Amino acid sequence: MQRARRLLEEIGLQGERVQMFNLSAAMGARLAEIATQMTQQIKALGPNPLGQRQGESNTE
Amino acid sequence: MIVGEQKPLADIKKMLNGCHKVLVAGCGTCVTVCMAGGEKEVGILASSLRMAMRLDGNSMEVDEVTVQRQCEWEYIDPLADRLANYDAVLSLACGVGVQTLAQRFPKLWVLPGLNTKFMGMPTEQGVWEERCQACGQCILDQTGGICPIARCSKQLLNGPCGGSQNGKCEVNPDTPCAWQLIYDRMTALGLLDRLLQVQPPKDWSTSRDGGPRRIVRDDLRLPADYQST
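Heads up: the protein sequence lines correspond to chains A and B, in order. Okay, so the first sequence: first residue is 1 according to my numbering, each after it adds one. Okay, so the second sequence: first residue is 1 according to my numbering, each after it adds one.
Think of the hints as simulated: they come from the structure by calculation, not from any bench. It should be emphasised that the depicted structure is a prediction, and the values quoted were computed from it without experimental measurement. Backbone N, C-alpha and C fix where the C-beta goes; we use that ideal spot for every residue, glycine too. It cannot be assumed that every hint is accurate.
What the hints assert, rightly or not - Chain B residues, not near chain A, derived (Cβ > 10 Å throughout): (1) Lys21; (2) Ser48; (3) Arg54; (4) Asp56; (5) Asp63; (6) Cys71; (7) Glu74; (8) Leu79; (9) Asp81; (10) Gln99; (11) Pro106; (12) Val127; (13) Ala134; (14) Leu192; (15) Gln227.
Said to hold, decoys possible - Label pairs and their computed distance ranges (CB to CB): (16) A:Asn22 <-> B:Thr206: 23 to 33 Å; (17) A:Leu45 <-> B:Thr206: 53 to 63 Å; (18) A:Ala32 <-> B:Ser59: 35 to 45 Å; (19) A:Ala4 <-> B:Asp219: 19 to 29 Å.
Said to hold, decoys possible - Heads up, simulated DMTMM-like pairs for lysine to aspartate or glutamate below, C-alpha to C-alpha not over 25 Å straight-line: (20) B:Lys7 <-> A:Glu10; (21) B:Lys14 <-> A:Glu9; (22) A:Lys43 <-> A:Glu9.
Go ahead and model the full structure; you've got the sequences and the hints to work with.
Structure below.
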């Protein structure tokens, strides 16, 4: 996971966009908590700049 | 094996500046085993480059190939027709592979994607250590199979030096003292008395000091008039 995040940083994408959590199938409440937390975090980071670039080239 | 390490992406991007179409070429031998330049690493680097270039507004095309061995003509010759389509080849082989491509294809711009580090072995998962320096005159018979040329920071033939402390090297406390290892091993083998023999200065002419090296085996060479069928 550390390697994946470092790779994203090197590429120019924010490493925080990928995270890994370990939890069992019985931990539904924790899963919801993590999903909410990740959603907030990703929203704060804004859209993926690569996706934006892709959109730009598609409209050219 | 030859152990390599991928160059930082920023350095690779700088090398590829001005290229429109690039082939990332992996090698299926040593650098695959040390997880630096095999098919998997070629895929990761090519994807990283595509994303990084796109973020920079650069439309560079990046293709991928991995051959079994980049350091022999017969494995790279099948690439000949394909290579003409690229501005550059980014080789993830060791320095030998890079030079083999460059020598075989004189008009091809070949760039190194790895820093070739040393000849060594994995001592645990994710850790590689140097074991041989190719000095050209092996003395492992005298040192219990532990090489003081590659593993002693001072390359001593009659060690240890005064910097050996608690089995570690004074140059780096993470480095085991090669001579401590040699003494321990010779003791275990019951051959410690052999270390009483003082070794004379080494003839370094068989190492890099003698210039680039070459081996010629007349028993294996093909006759001058040989023609393959």
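Tell me, in ascending order, the numbers of any earlier hints that this structure violates. 2, 3, 4, 16, 19
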